[in-house]
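J.: Protein sequences appear in the order of chains L and W. Read in order, the letters of the first sequence correspond to residues 1 to 210 in my numbering. Read in order, the letters of the second sequence correspond to residues 1 to 1014 in my numbering.
Because the hints were derived from the structure by calculation, they are not lab data. Predicted model, so just to flag it, every value in this text is computed and none were measured. Be a bit skeptical, because a hint or two may be false.
[Unchecked claim] In silico SDA-like cross-links for lysine to any residue, where the CA-CA straight-line distance does not exceed 20 Å:
| id | chain 1 | residue 1 | chain 2 | residue 2 |
| --- | --- | --- | --- | --- |
| 1 | W | K823 | L | I133 |
| 2 | W | K479 | W | R535 |
| 3 | W | K845 | L | Q109 |
| 4 | L | K88 | W | N872 |
| 5 | L | K173 | W | E901 |
| 6 | L | K173 | W | F909 |
| 7 | W | K881 | L | T125 |
| 8 | W | K170 | W | R155 |
| 9 | W | K823 | L | D8 |
[Said to hold, decoys possible] Label pairs and their in silico Cβ distance ranges:
| id | chain 1 | residue 1 | chain 2 | residue 2 | range |
| --- | --- | --- | --- | --- | --- |
| 10 | W | E869 | L | H179 | 28 to 38 Å |
| 11 | L | S46 | W | E869 | 45 to 55 Å |
| 12 | W | E869 | L | K168 | 21 to 31 Å |
| 13 | W | A863 | L | K168 | 27 to 37 Å |
| 14 | W | I829 | L | K168 | 30 to 40 Å |
| 15 | W | N904 | L | H179 | 18 to 28 Å |
| 16 | L | K168 | W | T974 | 34 to 44 Å |
| 17 | L | R70 | W | R807 | 15 to 25 Å |
| 18 | L | H179 | W | I1013 | 43 to 53 Å |
| 19 | W | P1012 | L | S46 | 54 to 64 Å |
| 20 | L | S46 | W | I829 | 25 to 35 Å |
| 21 | L | H179 | W | R807 | 15 to 25 Å |
All C-beta atoms, glycine included, are put in the ideal place defined by N, C-alpha and C.
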Amino acid sequence: MRVAVFDDNIYRRESLDMLINNTTGMECCGTYPDCSDVLSNISACSPEVVLMDIDMPHVNGIEGVKIIHRNFPNIYVLMQTVFEDEDKILASICAGASGYILKKSTPVQILQAIEDVYSGGAAMTASVAKQVINAFKQNTFTENNEKIELSLREKEMLGGLVNGLSHKMIAAKCNISIHTVNTHIKNIYEKLHVNSVAEAVVKAIKERLV
Amino acid sequence: MIVGINRFILGVMLTLVPMLLQAQFSPEANFKFKTYTSKEGLVHNYTKKCVTDRKGFLWIITQHGLSRFDGVTFKNFEHSNIDSTGLPANDLYDIAVDKQNRIWLSYKTGLCCYDQSSGKFSIIRNGAKPFPCIVFTYDSLRNCLWTADYENYYRVDCGSFSISQTAYQKPPGTTLGIEQVFQDSKDRLWILLDRRGYFTIGLKDGSQFYFDQDIWPMHIYEDDEHSLWMSTWASGFRKINFDGTKQEHILYSDLNSLKSEPFSQIYYGIEEAPLLTGKNILWVTTSTQGLLLFDKKEGKFVHLFHYDPSIKNGIATDFNNLGYTDPHGVLWLCTWHGLIKINKQEQQFTSRELPFLQSSYYNRLAALEDDPKDKNILWVGVEGSGIIRYDKKNHKILSRYFYTFGDPGLILDSLNYNWRWTESMFKDSKENIWATTYGGLIRIKNGTVKKILLAGVDTVYPRTMLEYPQNTLWIASEKGLFSYSLLDEKISRFLPGGKGNNNYLQQIIREDTAHLLTAGRSGAFEFNITSGNFRRLHWNIKDLDSIGQQQCYAIQLVNNIAYIGTGAGLISYNMKTNIATRVGVAEGIDNVQEQRLKKDAADNIWILTSHGLFQYDTHNGTMRTYTTADGIYDLNEDKIGFFDYNGLFYIGYRMAMTVFDPLSVNVNRVKTQPVITQININNLPLNENIDSFTLHPLSLSYHNNNISFGFTAPDFTNSDKITFAYRLEGYDKDWILCGTARTATYTNLKGGNYTFLVKACNSSGVWNNNAVSVRIKVGTPFWQTAWIYILGGLLIFLIVYLLYRRRIRRLVELYKIRDSISKNLHDEIGATLSSINIYSDVARKKEAPDTEINLLMERIYKASGRVMESMNDIVWYVNPKNDSWDNITVRMREYAIPLLEAKNIRPDFRMNETLFRYKLDMQQRQHVYFIFKEAINNIVKYAAATEVKVTLEKKEKNILLVITDNGKGFDMQTVRRGNGLHNMEQRAASMKGKLQLFSEPGEGTVVSLQVPIT
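Work out the full structure, taking the sequences as your base and the hints as a guide.
T.: Structure (structure tokens):
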């Protein structure tokens, strides 16, 4: 599995490079300090998963995700951030990221997250789930004149996440398999990837961030 | 107006019926004389003359002082030695009002003038000497006074106060004094000389005529038709015809009773009172013998008013001075015992007490009926005293049907005993008179009286009756409804309530050709004459006593609306729609007893209640109230009769009665004009001409801003019912209805222009929208001027704004610092730390396990992980975005749930979401989160629990976070308090919260944290 790393911190780039290359079945095909040349970078190393820092100088991670998602829709982008910053995480998801991980995560967790993203898994923490609910509450999203809404089940998933439940606990509570929980969360991700949603949420969050 | 006289004579006669037992006759008019004495505030009871000024006030001179009267209060003036501008003498002789509304007064030694606008009396002098002028008259054409003595007559100019005199061509010689100076409409002056004759002086040509007979003239009066009338002392009452050269006197005969006593022939004042007695009657006062009415057409005295204490509101004395008819037609009499008022508007009710017919018995006039055959016979029903046959012509009681008197044929049994209880009388088409009485009916047929028992019922008490159709009588009794046939004397009985039930009926009236209406203790019913069936009138009016409203005592019908007097009030019942409503709620009519409802020819319903007589106009729904103030007696009696006779309504009380004509009880439509009489500034009266402030404002400095206004309305019709409304324009938004109060006070008025307005409403509730006003200008102190206010306002605004700006700027700075700290930690230190973490992990895995380097690497790995975790917390605290309970609870869950789940502890979070909006500052957030983490860690480490409950709720002004586990707990006495607990308590204290810990072995642990809401 080919992994590309975008991070402005040189030690972080190096350490991740080391970690990935020391893992069987993974190869770090390139590390870049920012996204100012993201298209050529991606074309050059053609990764399957991109590990993307959110805060970078020049062109930041959210912009980078957007560009990658538009041009290489099959590449999974895993956002990484030092600390939880729900607004930015949500913005990244809307821009096309397939998952996110905190930098404080242990190397095992990092590698697991890369694997999960690659195999179509999706994770979401309580604070981000809450942001998702709010985004859908406060805005009306449409795609091709169809209203995009969260399904009842998806709302239930998010509610469980907000209450701090793990996927396992949600599965137990809703009497479904973990796999189904995962699918629901993935669907939520996909709904967030829909262009109108992404634009609106990103815009809203940007306004708040400024 | 002769009609009026006849009517009152009729009334008089009727009121006298019972009195005739005492076999005496004294004619009484039904005029109500209202007497004012010193008790009411009059300056002295010996009143001499009165006159109305240009504002309507009545001025009264007395033997001791001067009074001004507005209908309610007397303003009195008495002589004082200290005040040189006060009244110069107390014993006043004559009075007049000039064009400037000044009051001219004469006294034994002089003449003075009272200026109302300045409040000062000025003495008029003839050169240096005082000018004694006993009597005078005001000449409005020349604006002067005319006065005289026995040598000259004088002219006093009211403008310059100068006096000129003209001598008589033929002085009459000495006389004791002048009785009257009078100016007639032909510009002649009449000078009446005491115990001599009189002068007639032509003011245009100066001609003088002396009537040289010692007729002892007392008073001369010119009536509406310009006839001159003269009263004399012992020389009769005269009419004077004067063609310019010759005077002819017509002497009118006296009342016989007066003739026999020469001294009583002192006639005194002469007045007309057209509103009271029409054009033909002159009111003549006598000094000692009462008040006479003289009919000009008939040329004789027709009536004498004498003092009689048994007449309510009768004339208070026989000792009179002059009379005066004011511009509103109210007749005033100055007497030796006060001032008397006779007001047409107040003549609606005539009341008098009745003498005892039989000292020990109840005595109430219940009914009157003329005998159908003999026009001179009147049948009188007196409840408690039987039936009386009365000779109207000779004013004599002919016989009395009563158990101890009456017909010789009467048997004195228990039934006859009860004859004295007459309730009502009724005349049928067969010329019988019927009276209802205890046990049955009394029939008066051709002058013979017979009692008819309503057979089969022992103690029946009929109340009212009627005849319909002809020859059938219907009698309402407390034992049901009876019919009595005049043809075959057959009696039938109908029961509205059914057999054995309450069939107590009080009143019966006719509804239409087929129906009667009854009112009784068990309700009101419509009775079908042909079928003999009763139909109950159903109603239930909310908020009205449910039993009381079904107890009916009286009923009347107007245009298909039945008016029913009940124990809970008056009800109107629409016979067509069957809808009932209450009438007289505002007037407080809450109980209408038996016989207390009558209907007059103008469709008014009259209601007698314990707090007044009410007149309800069924056409426009208005209600009018009459009380004792209008001349009726107090109605607070157990039983009162209410009946009509010859178009008049009679109210029969125990031992008294009232008569009135329901159609002539009219409204007072004369509007009343208020007057502002006084202005007090800071509680001191203002001695300036108040009238002048209508145009030019009264200027006051800013500290004279406590102002009160006194006002009144000179109106002599039920004056105590006059109400007022006032308004200070520039202060009051609307009129203030002040009822009968006659002052208004304003304190601490701000500088500015104001107009004070008063309007008045007469006794019948008619407002006069023509308000009287005064303008006032209150100065503004410099510190209250507009620019000071603007400046002050700006200053305060500026300070507040600056403070606000500073606070905002500091907050923004703080946020910026916090933001940059978190960013720096995040970007630089965080990222590098995480790479150390990864490096150490990668390095560790490159070494074989359990080597020294591997162990060290693992330590680096763990330490960097710990630091990252702590830093993660710090960044979270510092970030201003997280300053709410909302965020902290999410974080708490994120922290706790994975930990608890790993230990198979079931978490149960119950957070009250309404608390999420409350804010926590950075410090508090840190403490709360720390305490929570500590508590969760303790549970995970030591508690061995299976369930953890976390609740967040509001308690008073605190937010309460409670963490409960069901673990093994500990003994709070023995377990050493560790650092953790101490730390938690300190953190709680530092944010003014409270931490409590409860635990018992085997009972789990409760950690409760109280955080004050900020």
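J.: Which hint numbers does the structure go against, in order from smallest to largest?
T.: Violated hints (numbers, rising): 1, 11, 17, 21; every other hint is consistent with the structure.
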